[in-house]
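Q: Listed here are the chains, written in short residue letters.
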Amino acid sequence: MGWHLECVARAIGRAGRTAETQGMAERSIRDVPRPVIGLLLVALGAQIGWHGLRPGPQAGAQALPEPPSIEALRVAALGDPWVTAKVLMLWLQAFDNQPGISIPFRDLDYARVEGWLARILELDPRAQYPLLAASRVYGAVSVEEKQRRMLDFVYRQFRLDPDRRWRWMAYAAIAAKHRLRDLPLALEYARAITEHATGPEVPNWARHMSVVVLEDMGELEAATILIYQLLDSGVVTDPHEVRFLTLKLEELRAGMEAAR
Amino acid sequence: MWSAMRSRPVAVIAAYTLLEGMRNRLAWLVLGIIVAVFGLSEFIAEVAITETVEFQSAFLGATLRGFSVFMVSLFVITSMVRELNDKGLDLVLSLPIPRASYFLGKLLGFSFLSAATALLCSLLLLLYVPPEQVLIWGISLACELLIVTAFSLLCLFTFSHVTLALSVVMAFYVLARTISALQLIGGGPLIEGTSLSQQVINAFMASLAFVLPELHNFTVSEWLVYHTGQWGALLAIIGQSAIYVLLLCGAALFDLYRKSL
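Here the protein sequences come in this chain order: E and R.
If you're matching positions, the first sequence starts at 201 in this note's numbering and goes up one per residue.
If you're matching positions, the second sequence starts at 37 in this note's numbering and goes up one per residue.
Simulated from the structure, these hints should not be mistaken for lab results.
Watch out, some of these pointers could steer you wrong.
As the list claims (entries may be wrong) - With a straight-line Cα cutoff of 16 Å, these simulated EDC-like cross-link-like pairs (lysine to aspartate or glutamate) come out:
{"no.": "1", "chain 1": "R", "residue 1": "Lys295", "chain 2": "E", "residue 2": "Glu226"}
{"no.": "2", "chain 1": "R", "residue 1": "Lys295", "chain 2": "R", "residue 2": "Glu56"}
{"no.": "3", "chain 1": "E", "residue 1": "Lys448", "chain 2": "E", "residue 2": "Glu419"}
{"no.": "4", "chain 1": "E", "residue 1": "Lys286", "chain 2": "E", "residue 2": "Asp231"}
{"no.": "5", "chain 1": "R", "residue 1": "Lys295", "chain 2": "E", "residue 2": "Asp231"}
{"no.": "6", "chain 1": "E", "residue 1": "Lys346", "chain 2": "E", "residue 2": "Asp309"}
All values derive from a computational prediction rather than experimental measurement.
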């Protein structure tokens, strides 16, 4: 049996050795006609000279293109939108670093940035990356209008899936309060968390942000009412959370008494 | 045939190479792919909300270019390997004709097939793009395919193996198309350019660029989408193609003359 197998293996080996695998024997370089060697050297010199004389590659900043429709992206994804979303996110994030040149984020067209982020979220709705990029990367530029645009984008996307996207809304509320110093906007964002992010995974501190913002704004009565609403709604069931809110309520009442 | 072979060997070999291409139903394959790509482009037009023609032109141009390069290199390599295996090369070289005539005949025949492929691809683009831009794009594609053809012949003479030759051709093509971008990335602000390793890599890339054709300037999709093609750009492409094909011919002939029958 072993002998037969060896014979078959040898036969296969012989059959596989065609001219393709054998190649041809080589003659000496002296057998190559001189005009052929001359042609090779002249052409090599011409190619090197051509490349040397031509202008080198120039780095040129390219504008961010308009995002394609979601339908076109789904076709291009070939049935795998999640990978496409990831690749697009990395491409968008790296767009400021084009070959040989670096573009500041603030110089990007934010309408297009927003369009791309929205498309990526449409391709992969569970992705957190686009919201992180919007709130902490593109929203951290020094142009207030662009900051507001990104925070607004986060707010609109939060409304589509509050329980999963609450943390970016919380970051937006903090950014509105501390970076933009726009307390009404911070309150709007914080209230959105309180009202819409009601899932069990949303932590207490996020739900109570609106109380803190109201307190900062001096709206002690409104903060008190909000705490009453929270306690009465039945959403707050954790004893520690109830205790925290009760203490906060007493603190606010004391503050209101002192103000009178 | 033999008397014609003795008097006009280049023309005869070129004619038979062309005949082989036609008998292999290469034209039918090209037409089939063109029809399929056309159907896909129409589908893309249905899903694109705006810039429909631009989407179609870009998709068609890029797909047809990639397909042409792959098909031409595959055809040249497999055809030549078959000739090696069937001892057709041995037979032709045993005749009293110079090896250079055999090589030039083959190159001429394959170049006609490449030009025909470029023509067929360009005809489809006429549906969406102005004729002048299609003409510039088509001539550029023919030049690109000519370089790929000559490089495929050189690789086959050097490696005599389909997988190896095709892999090298594809690697050459990708590198020639991306070398300028790689150079820019190497010299960009993100890379620490003062380290020795980076300087060595940059120097290597720069020297590699000297012996690669500037394919990134060839068959640019922007011409089809935004109609920015200029005849002046075509002059540089033709000049580069002429020099590079000459270089590849020199290298391939050098290899061919060293082969021992």
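Q: Each hint needs a verdict: does it hold in this structure or not?
A: Tested hints:
1. R:Lys295 <-> E:Glu226: 5 Å, holds
2. R:Lys295 <-> R:Glu56: Violated: lysine 295 (chain R) and glutamate 56 (chain R) sit about 24 Å apart, past 16 Å.
3. E:Lys448 <-> E:Glu419: Roughly 14 Å separates the two Cα atoms, so the pair holds.
4. E:Lys286 <-> E:Asp231: With Cα atoms ~57 Å apart, lysine 286 (chain E) and aspartate 231 (chain E) exceed 16 Å; violated.
5. R:Lys295 <-> E:Asp231: 10 Å, holds
6. E:Lys346 <-> E:Asp309: 9 Å, holds
Violation of the numbered hints given earlier is confined to hints 2, 4; the remaining hints are satisfied by the structure.
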